[in-house]
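Please put together the full structure from these sequences, using the hints given.
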Amino acid sequence: MIRHRTGLRYGSGEAPGRRAGPSLRQRLVHRCAGGSGRRYGEGFGHRAARRVLAWARSACLAALLVLWVAVVVLWELVCPLSDSPGVLPGLLTCCGFLLAGAVLMLRVRIGPLRDLRRAKEVARAAQEVLLRPLPARLDGLALAAGQLSAGEGAVVGGDLYEVMSTVHGVRVVIGDVRGHGLTPIGTVAALLGSFREAAHDEAELAGVMRRLERALQRHLRERARDEHPATEGAPADSPLLEEFVTVLLLEIHENGEVRALNCGHPWPYRLRRTAEPVAGGDPLPPLGPFPLPADLPVQHCVTLLPGDFLVLHTDGAEDARDANGAFFPLREALAGAAAVLPASPGAVVERVQRALLRHTGGLVSDDVALVVLRNDRLRVPTQGGGPSARQQHPEPSRH
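At position 68 of the sequence shown the residue is numbered 68 (the UniProt record's numbering), and the sequence of numbers has no breaks.
To be clear, the hints were calculated from the coordinates, so they are not data collected in a lab.
Built from N, CA and C at the ideal position, the CB exists for glycine as well.
Among the clues, some could well be false.
Derived DEER-like restraints, expressed as beta-carbon distance ranges [claimed, not checked]:
id, residue 1, residue 2, range
1, V167, D115, 42 to 50 Å
2, A70, G193, 56 to 64 Å
3, A206, R132, 21 to 29 Å
4, A119, G281, 20 to 28 Å
5, M105, E242, 45 to 53 Å
6, P277, R321, 16 to 24 Å
The calculated lysine to any residue pairs, modelled on SDA-like cross-linking and capped at a C-alpha distance of 25 Å, are [as the list claims (entries may be wrong)]:
id, residue 1, residue 2
7, K120, E204
8, K120, P133
9, K120, G186
10, K120, T183
11, K120, A206
12, K120, D366
13, K120, L192
14, K120, G362
15, K120, A142
16, K120, I110
17, K120, A150
18, K120, R132
19, K120, E162
20, K120, L363
21, K120, S365
22, K120, M105
23, K120, A189
24, K120, L130
25, K120, L106
26, K120, G151
Have a look at this one:
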């Protein structure tokens, strides 16, 4: 199932003359921020009342089933039509019982379906609070992102991404936590929360990466204490000691220069007329197994001209295979997606996702995340930075 996320907005929905109540997202954010829940009617008394109502509903449904069986028995015992000869009385009897049984079973099924739908709404809202939809535009960049989760019914998996406008430039993170599905969500939450603060606070990408490393180590220590309370830490053979996260940090300046710090993550692609991989040198090891070195080399990886695309991805895109074991041709799929007009970030994400699902037969064995940026800035300042030093680059007519 494609979970396409780009430019989503949530309206207030407040009617004239009526104060709108708290939305589902607001209640979840309140809970995640440590609220007790009583503000929105989630106190102990309300929870107890809901449990009583659920028990009463179950009791009523059971009583209806017993009543239906009793009616069948009484019909056979006392109703004269049950002993009448001919086809019509028997047919009427069967139709009546079938109709009554269908109505009763429908009523029994509506309740669980309603509860399931509500649970899915809560889960989706919680996942979107964690992995927020990207804005359609940010500081002259057009944005779109897409996520395919290997976990059934999940929107968020082991992949993470975020794009933020800061005084240091537009900063981007994309990462891949070991594992897939719902298991790595706690690690994703810890890293995204750290990045959203560090992106504004740290003047250098190296400082942001070190903040992410500390957040990961802190999260793993807390998990170890929770999972192994007797030893107050993970034993020597614990899978927690093998946890790792690949992370790519980007910083996009006004002149289109893209600086990068890479810890074990695949390098992005630049789209013009073709899809070219960005050659940024050898990445550092992933976060987790080994501490970061004292020197973190930030590299200049590419300069985006107006109209250029930059496509970030996780390794699930390149490692996806078909029934014969052939890998997904990501580079060719990106070039084909950008060649079809109109070429927007959202269209590129959607076309690549469709091509990937066709290749794999509709299922993915690993989480796949795509983030596509397009440089829509018409004026690109040179290294001099002044107004007289600006060069005019008209946007290509194909966009």
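Outcome of the hint check:
1. V167 <-> D115: 42 to 50 Å: The hint (42 to 50 Å, Cβ to Cβ) holds, given that V167 and D115 are roughly 47 Å apart.
2. A70 <-> G193: 56 to 64 Å: This hint holds: roughly 58 Å between Cβ atoms.
3. A206 <-> R132: 21 to 29 Å: Holds: the Cβ-Cβ distance is about 25 Å, inside 21 to 29 Å.
4. A119 <-> G281: 20 to 28 Å: 46 Å, violated
5. M105 <-> E242: 45 to 53 Å: For E242 against M105, whose Cβ atoms are near 49 Å apart, the range 45 to 53 Å holds.
6. P277 <-> R321: 16 to 24 Å: At 20 Å between Cβs, range holds.
7. K120 <-> E204: 40 Å, violated
8. K120 <-> P133: Between K120 and P133 the Cα gap is close to 18 Å, so the pair holds against 25 Å.
9. K120 <-> G186: Roughly 19 Å separates the two Cα atoms, so the pair holds.
10. K120 <-> T183: Since the Cα atoms of K120 and T183 sit roughly 18 Å apart, the hinted pair holds (cutoff 25 Å).
11. K120 <-> A206: At roughly 39 Å apart (the allowed maximum being 25 Å), A206 and K120 break the hint.
12. K120 <-> D366: 22 Å, holds
13. K120 <-> L192: 23 Å, holds
14. K120 <-> G362: Since the Cα atoms of K120 and G362 sit roughly 22 Å apart, the hinted pair holds (cutoff 25 Å).
15. K120 <-> A142: 30 Å, violated
16. K120 <-> I110: This hinted pair holds, its Cα atoms lying about 15 Å apart.
17. K120 <-> A150: 17 Å, holds
18. K120 <-> R132: Holds, at roughly 17 Å.
19. K120 <-> E162: Distance of about 24 Å is within 25 Å: holds.
20. K120 <-> L363: Given that 25 Å is the threshold and the Cα spacing comes to 21 Å, the pair holds.
21. K120 <-> S365: 22 Å, holds
22. K120 <-> M105: Satisfied, since the Cα-Cα distance of roughly 23 Å is no more than 25 Å.
23. K120 <-> A189: Holds, because 19 Å separates the two Cα atoms, which is no more than 25 Å.
24. K120 <-> L130: Holds, at roughly 15 Å.
25. K120 <-> L106: 21 Å, holds
26. K120 <-> G151: Holds - the C-alpha atoms of G151 and K120 are around 14 Å apart, at most 25 Å.
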